[in-house]
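Protein chains in written order, with the numbering used here: chain E, 16 to 333; chain W, 16 to 333.
No lab work stands behind these hints: they were computed from the structure.
Certain hints may be false.
Identical copies carry no separate label here, and so any pair may be met within one copy or between two of them.
Said to hold, decoys possible - Calculated pairs, EDC-like style, for lysine to aspartate or glutamate (alpha carbon to alpha carbon, straight line, at most 20 Å):
no., residue 1, residue 2
1, LYS181, ASP198
2, LYS90, ASP318
3, LYS158, GLU50
4, LYS324, GLU50
5, LYS214, GLU50
6, LYS288, GLU330
7, LYS100, GLU141
8, LYS324, ASP303
9, LYS304, ASP55
10, LYS304, GLU52
For reference, the chains in residue letters:
Protein chains: 2
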Amino acid sequence: IFAASSAFGQQDPLPSWNDGAAKQAIEGFVEKVTEEEGPDYVAPDNRIAVFDNDGTLWVEHPAYTQLVFAIDRVKALAPEHPEWKDKQPFKAVLEGDMKTLAASGQKGIAELVMATHAGMTPAEFETIVEDWLAEAKHPRFKKPYTELAYQPMLELLSYLRDNGFKTFIVSGGGIEFMRPWTDRVYGIPPDQVVGSSIKTEFQDKDGDPELMRMPAMNFIDDGPGKPVGINQHIGQRPIAAFGNSDGDLQMLEWTTAGDGPRFGMIVHHTDAKREYAYDRDTKFGRLDKALDMAPEEGWTVVDMKNDWKQIFPPEPAP
Amino acid sequence: IFAASSAFGQQDPLPSWNDGAAKQAIEGFVEKVTEEEGPDYVAPDNRIAVFDNDGTLWVEHPAYTQLVFAIDRVKALAPEHPEWKDKQPFKAVLEGDMKTLAASGQKGIAELVMATHAGMTPAEFETIVEDWLAEAKHPRFKKPYTELAYQPMLELLSYLRDNGFKTFIVSGGGIEFMRPWTDRVYGIPPDQVVGSSIKTEFQDKDGDPELMRMPAMNFIDDGPGKPVGINQHIGQRPIAAFGNSDGDLQMLEWTTAGDGPRFGMIVHHTDAKREYAYDRDTKFGRLDKALDMAPEEGWTVVDMKNDWKQIFPPEPAP
Ligand SMILES: [Ca+2]
Ligand SMILES: [Ca+2]
């Protein structure tokens, strides 16, 4: 028994991370908050870690997965909506005119989401999401999106949980777009997922009580919305936050401004060869102000190209 | 070791419950959903149980605890608000005119909450709640409110958790009024508390990122709001719901209308001697329609007087 636990203790919990400043910062933080006699000890109840999703836990280029989903849904539903042929941003989607779609901005994307994500129960929407994920493939990597989570981040999630952390997703993406698969892919159950949402209404038609998804925004869990979403869902200020864009800025600020030991990390996409390289000039996952602030705020910046031995999980044995 | 675990296995997990239909229904449900080879087996991930708070887990008479808190806060803050002397419902509170206060209804209570629960950070509000709970005593039982949780329900929470359930509070009360103490009293951590809320705003004054509680309602987690709140926070339909009033009706309906084994329970306050007796005719915790529906819906009604051996936890040894 001694030999076994000793061997276990020496196993590297982050094998896909190169030895370097980022890995050392993570391990140093976890060691100090878990050292019971140390000055920086944090009780397990307060070991709350929050993770952005798109670009932090899985691929977000060439476009957010949920946007690709919404576009596919517009195409699938188009026969029932002849009016979409002449109405933006639907027209742009149906004509494959990504430039016009992009120009429609957040408002345009919200219209697509509203039109395609509402008018059904949460259970029905879950089935649509699951069916789509089972078929859809990433255009470059030719794999299901759920196989394009970052292996080093999966190891990090497990490492934190093994050290008594409770891990949450806090994403600008739709809460019910993520919940069907986050447990399977990340080990994060539905109630530990925070995200943007449309309104949901209780209806009791014909004595059959149901929830109905409505075409109206309820909450935008992005930017200054992230600390609000965290407070609403988790009810505690986290001690560690992980993001990749300016949409995570306020979450990083609020998390790391708390008393006691704090950890902030930014995943910087620097690897065009194995994944993508982007920061200040991109429509999806723009990282500008947060990158500038990182040094003075003490946030660890992960350089994907140099810090990660591999990007994606290994292929399952054939 | 064998003797110890055998004895443990035979220990009654619900010692404060009299043997009777309610206790048998609870135990029967838990046994069938945890029997791995049985037809009603439910995987641990789906063992979600939701509990109303006021009148289900702790005392709500002669008035909701949070209303007593709001009244005490109005009195404490009155010197800073001379205008309250002439403004309802504050005037009624300051003059001890409970009839006028009651007549102001939900709207009046919401005004008290807004005026006394906003204009501070969540952490500051938590301190105010903790300080108040440490001092306040129930007018009849002369004990802190947090000692007036129902012992049989505390046993039920533990029993469910010991059987792989995840337990949540889903209350019409304020989410941040409950979170400071639910872990200590019920073993339910802050992120497993769902409740009503006022709006919270992210502010970054002087480079000090903070959340600020605003005097505006965000969400009413009562009646048809309860299934909506459950869906938003938990993201799964529970398999068991526990309530005590018509405010729990839609939660009970939605929970028990799902497929597979389901459990709904209503705590009926029938014990004027040891606690209170009320149902159809009360301002706090009105139970009317849900009581009528219980038989046909198959909901278990707990008769506090006959089903519970004791109401409150035993006094700690002196
Ligand atoms: Ca992101
Ligand atoms: Ca109640």
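A quick look at each hint next to the structure:
1. In this assembly of identical chains, LYS181 and ASP198 lie within 20 Å of each other by CA distance both inside one copy and across copies; the values are 13 Å within and 15 Å between.
2. In the homo-oligomer, the alpha carbons of LYS90 and ASP318 never lie at most 20 Å apart, since the shortest distance is 37 Å inside one protomer and 56 Å across protomers.
3. For the homomeric pair LYS158 and GLU50, neither the shortest alpha-carbon distance inside one copy (41 Å) nor that between copies (38 Å) is at most 20 Å.
4. Taking the shortest Cα distances, LYS324 and GLU50 never come within 20 Å of each other, neither inside one copy (28 Å) nor across copies (44 Å).
5. For the identical chains of this complex, LYS214 and GLU50 are neighbours neither inside a copy (44 Å) nor across copies (37 Å), given an alpha-carbon limit of 20 Å.
6. For a Cα distance limit of 20 Å, the shortest separation of LYS288 from GLU330 inside one copy, 18 Å, qualifies, whereas the shortest one across copies, 67 Å, does not.
7. Proximity of LYS100 and GLU141 under a CA criterion of 20 Å is satisfied in neither setting, with 27 Å inside one chain copy and 53 Å between copies.
8. Proximity of LYS324 and ASP303 under a CA criterion of 20 Å is satisfied in neither setting, with 25 Å inside one chain copy and 63 Å between copies.
9. With identical chains, the CA atoms of LYS304 and ASP55 are never at most 20 Å apart, being 29 Å at best within one copy and 53 Å at best between copies.
10. Proximity of LYS304 and GLU52 under a CA criterion of 20 Å is satisfied in neither setting, with 38 Å inside one chain copy and 56 Å between copies.
When held up to the earlier numbered hints, the structure conflicts with 2, 3, 4, 5, 7, 8, 9 and 10 and fits the remainder.
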